[in-house]
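Chemist: Please model the complete structure; the sequences and the hints are all you need to start from.
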Amino acid sequence: MSYHIVVCGSIVPDPLQTLTPVDGPQGPALKNEMMLPAVLDPWAGHALYEAANLAARHADCRVWLVSLGPKAKLQQVMMAVAQKAPFELVAVDGPASGFTDSFAVAEALAEAIEGIADLDRDKLLLFGGWQSASRGAGSTIQMVAERLGIVDQFQGVDQLNITDNGLEVLERIEGGSWLTSTVQGAPAAFGWATGELPEPPNNPQVGMMNMKTIMPALQKAKPAALGNGFGVNNVSLPQVVRETRVVKDMPVDDIARELVDWIQG
Amino acid sequence: MSDQMPEFNPDDLRQSMEADIVCVGYGPATAGFLATLIPALMNEDGTPIAESKAMPGMPPQVLCYERADDIGFGVSGIVTKGRGIRASFPDLDLSQIPMACPVTEEKVAYLYDPVGASRKSTGMKAAEKFLLPFKKNFAAELPWIPPFLRKEPGMLLSMGQFLSWTGAQAMGSGMAQIWPGMPVEKALVQGDKVTGVRLVDQGVAKDGTPEGAFMPGMDVKAGLTVVGDGPVGPVGRGLNREFGMPEGNHQREWAVGMKMVVDLPEGCRLKPGTVLHTLGYPEPEIFGFLYVYPENVASLGIFVPSWFDSPVRTAYRYLQHWMMHPYLWQHLQGGTMRSWGAKSLLESGRRGEPFLTGDGWARIGEGSGTTNVLTGSGVDEAWTSGAQLGQAVIDLLREGREFTKDNLDVAYAARRRASWLEEESVQSEKARDGFQKGMVTGLMGMALSGLTRGAINLSGPQKRVYERIPSLEEYYRDTIPAGEIIRIRDACRAKGQSLHDALMDRAGWPSIPFDGKLLVSHQDALLMGGKVQANPGFADHVRFLDPQACARCRTNICVEACSGQAITINPDGPVPLFDREKCVHCGACLWNCTQAHPDDPEQTNVDFRAGSGGLHSAEN
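Note that the protein sequences, when read in sequence, are chains A and B.
For the first sequence, our numbering assigns the number 1 to the initial residue and increments by one for each residue that follows.
For the second sequence, our numbering assigns the number 266 to the initial residue and increments by one for each residue that follows.
Be careful, since some hints might not be right.
What the hints assert, rightly or not - For lysine-lysine, the following PhoX-like pairs were computed, each having C-alpha atoms within a straight-line distance of at most 25 Å:
#: 1; chain 1: B; residue 1: Lys-471; chain 2: B; residue 2: Lys-458
#: 2; chain 1: A; residue 1: Lys-31; chain 2: B; residue 2: Lys-782
#: 3; chain 1: B; residue 1: Lys-401; chain 2: A; residue 2: Lys-212
#: 4; chain 1: B; residue 1: Lys-760; chain 2: A; residue 2: Lys-248
#: 5; chain 1: B; residue 1: Lys-401; chain 2: B; residue 2: Lys-390
#: 6; chain 1: A; residue 1: Lys-248; chain 2: B; residue 2: Lys-471
#: 7; chain 1: A; residue 1: Lys-222; chain 2: A; residue 2: Lys-212
#: 8; chain 1: B; residue 1: Lys-318; chain 2: A; residue 2: Lys-212
#: 9; chain 1: B; residue 1: Lys-536; chain 2: A; residue 2: Lys-31
#: 10; chain 1: B; residue 1: Lys-372; chain 2: B; residue 2: Lys-401
#: 11; chain 1: B; residue 1: Lys-346; chain 2: B; residue 2: Lys-372
#: 12; chain 1: B; residue 1: Lys-390; chain 2: B; residue 2: Lys-372
#: 13; chain 1: B; residue 1: Lys-385; chain 2: B; residue 2: Lys-401
Don't read these hints as lab results, they were simulated from the structure.
Modeler: In structure tokens form, the structure reads like this:
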């Protein structure tokens with residue numbers, strides 16, 4: 001059985017960046033969003049690496065990465081992502097700051113997926129980050145699937161195996177346990193948790209191959225009209241005062257005492 | 266070899282790829298090269314100016330590999346006349362580049378010592394008296410700035426934002442690919458010819474032995490290898506070793522530049538475009554800068570030169586004391602650090618120039634000796650060298666000529682020799698020599714060289730850096746008794762700590778009142794400012810070559826000077842520990858070493874190889 005795997009995944013600010021919410025002309029935004037370095041959303045990254053791994057093990061599979069984000073930033077991030085795994089990019093130009101309505105994001109993504117010319121919907125496995133583009137709600141990939149008419153949906157996926165009986169899925173459930181399910185086959189949607197694969201090394205040849213579709217996709221990227229699906233009254237960051245020290249061989253009791261002092265203080 | 270892996274020949278797995286031009290490093294020089302080359306690769310009728318040899322029927326295939334995880338992760342606030350940059354972009358609109366603006370005001374300030382701990386020589390103290398009429402806030406603004414130091418009319422840029430801007434244009438053209446996160450191990454040398462580059466191995470342990478996901482570095486073969494990987498880049502230094510240096514040239518003068526980008530406090534009076542240069546404090550040898558960007562943001566920092574003969578020359582602690590000087594603190598107090606970083610500067614200038622060309626390769630940028638050590642300018646010079654090579658390559662491609670040494674000499678080196686870059690480089694060649702003998706002599710030498718355009722210089726021999734580094738006892742002979750230094754050293758070693766804080770405290774430097782915003786611990790600067798990270802699966806890039814040499818070392822200056830506290834005391838042996846997840850890739854360890862290389866007196870016992878990771882801030 002071959003599959004057409006569509007991975008929904010966009011960019012987020014590089015970890016450790018100082019994110020400052022500001023009120024922009026079109027609602028809240030991140031200060032210097034276009035200046036901050038960005039990376040592929042780690043949840044979506046796991047989905048992409050799992051997709052590439054699945055495609056490598058089964059004949060005639062194809063992988064698309066559907067990405068909604070500011071075109072200029074997408075171009076920059078894709079130079080890093082493209083070296084990781086083979087895919088064909090479908091780019092949609094729009095904000096990726098997190099201050100967007102997941103319903104509208106899902107609508108834009110579904111529309112982009114419906115526009116993929118060679119996509120065989122009977123072979124479609126929809127992948128995405130479990131909590132991506134939804135401020136942790138896990139709603140976006142679910143709504144994309146609904147718009148595409150996919151009823152078999154799995155969230156918090158850590159493992160997907162192709163067996164003689166169909167697709168065997170390992171989902172995270174409460175209490176640190178997994179639920180094993182089997183679905184007969186495509187179409188199905190999978191919101192990935194961390195999966196089981198490490199980040200692949202940068203492979204220049206994969207990058208060169210991907211670039212054949214990435215630059216044309218970016219040039220063709222259509223703007224997404226996401227609208228204002230909700231209002232944000234107030235956004236703020238917790239105030240943090242830092243004083244990190246590097247201390248070696250500190251006794252556990254001393255560490256505990258210092259923590260207690262800090263909490264009490 | 267890891268015991269999970271059978272022994273094998275990595276070359277059996279090694280991939281190979283063909284290109285026409287491969288560039289190493291995406292700094293200002295390579296940016297200038299690509300900005301010049303790319304627009305000229307296609308004729309007006311849509312045909313390429315030359316056919317790719319790697320992919321017949323296509324335009325020349327141009328690849329660039331950058332070690333950092335993003336092309337915007339370079340470190341520098343830039344004030345520049347921007348002659349080369351403006352020549353490349355005649356219609357340059359600075360408002361299109363974040364954090365860029367024209368220079369509006371320049372000041373040079375001598376900083377008096379407000380805490381009484383700075384080591385000022387008798388000569389410096391005498392010179393201070395001449396400036397007393399101008400003294401205010403423990404500083405004297407010089408009434409006149411020598412023309413060779415002035416940058417007006419010039420521009421302020423953020424290196425990170427400028428390179429992001431140029432890189433986006435280069436990649437958007439589709440005529441070149443710039444791959445970040447891909448360190449280059451070395452040039453591929455066959456006889457006298459360079460045939461391309463080898464990328465670093467991935468999926469290896471700290472010591473480089475293959476592990477489960479081993480992927481040997483790919484060979485990228487190309488007719489021309491453009492080496493612009495900076496002064497500590499492994500490819501450029503490898504070529505220096507392979508082909509030697511021109512007679513009389515050497516790379517013995519360095520500095521580490523450490524800087525921050527700061528959100529200035531509300532109500533700050535500094536106007537965008539303001540440029541402040543300081544000297545005299547926290548130590549006489551340390552120079553400082555503060556550039557004001559639009560939107561109440563400043564780029565600021567210090568340079569700690571290799572002729573500052575302190576065996577505990579920590580840039581970070583000195584940076585904090587410099588910021589807290591009253592002349593600067595009046596503007597900075599209440600500000601917030603947005604970004605932080607450090608890099609080594611090769612301050613040998615033209616004297617550090619390697620061979621510029623060879624069969625199949627050319628050198629550009631700082632590693633090729635472009636930095637003007639008199640004017641304190643490097644970015645525009647690096648850019649210009651890249652642009653000159655770009656024009657040379659266009660000429661050679663159009664004429665169908667090979668990238669041989671002879672052809673590159675005519676098309677590139679001769680072009681460089683005939684330009685303002687060379688003229689000013691020659692003028693500045695001996696401008697810094699006086700600093701070998703002291704700060705006052707150095708300043709006099711700079712003034713002489715600058716005002717006479719290099720006709721008169723206080724020239725003299727230059728020691729290698731490791732030949733200059735005194736013992737702790739010598740350095741602190743007037744301040745701390747030798748016995749106490751031994752006690753402090755033993756106490757710090759027992760705690761696994763570096764020495765500089767304890768010694769500076771003892772020498773009278775006040776403690777830093779951390780505010781959690783601008784004045785933070787060194788590790789917080791890494792995290793909050795540099796966002797320093799390292800990818801798994803790469804080998805350690807800092808290696809200590811001879812353990813016996815480390816055993817002979819009594820100062821561990823590599824630990825004291827490490828910009829990221831990535832090198833630390835080893836409680837179990839003489840060879841320091843290295844944590845590459847803290848390394849900012851400044852390369853200061855390369856020249857901050859007291860021991861000579863086992864086989865090469867111009868090198869030290871520290872090898873700085875190709876490695877992954879580093880700063881993750883594009884606001885630098």
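Chemist: If a hint holds in the structure, say so; if it doesn't, say that too.
Modeler: Structure-based check of all given hints:
no. : hint                    : in the structure
1   : Lys-471(B) / Lys-458(B) : 31 Å, violated
2   : Lys-31(A) / Lys-782(B)  : 17 Å, holds
3   : Lys-401(B) / Lys-212(A) : 62 Å, violated
4   : Lys-760(B) / Lys-248(A) : 7 Å, holds
5   : Lys-401(B) / Lys-390(B) : 17 Å, holds
6   : Lys-248(A) / Lys-471(B) : 21 Å, holds
7   : Lys-222(A) / Lys-212(A) : 19 Å, holds
8   : Lys-318(B) / Lys-212(A) : 19 Å, holds
9   : Lys-536(B) / Lys-31(A)  : 21 Å, holds
10  : Lys-372(B) / Lys-401(B) : 14 Å, holds
11  : Lys-346(B) / Lys-372(B) : 16 Å, holds
12  : Lys-390(B) / Lys-372(B) : 21 Å, holds
13  : Lys-385(B) / Lys-401(B) : 19 Å, holds
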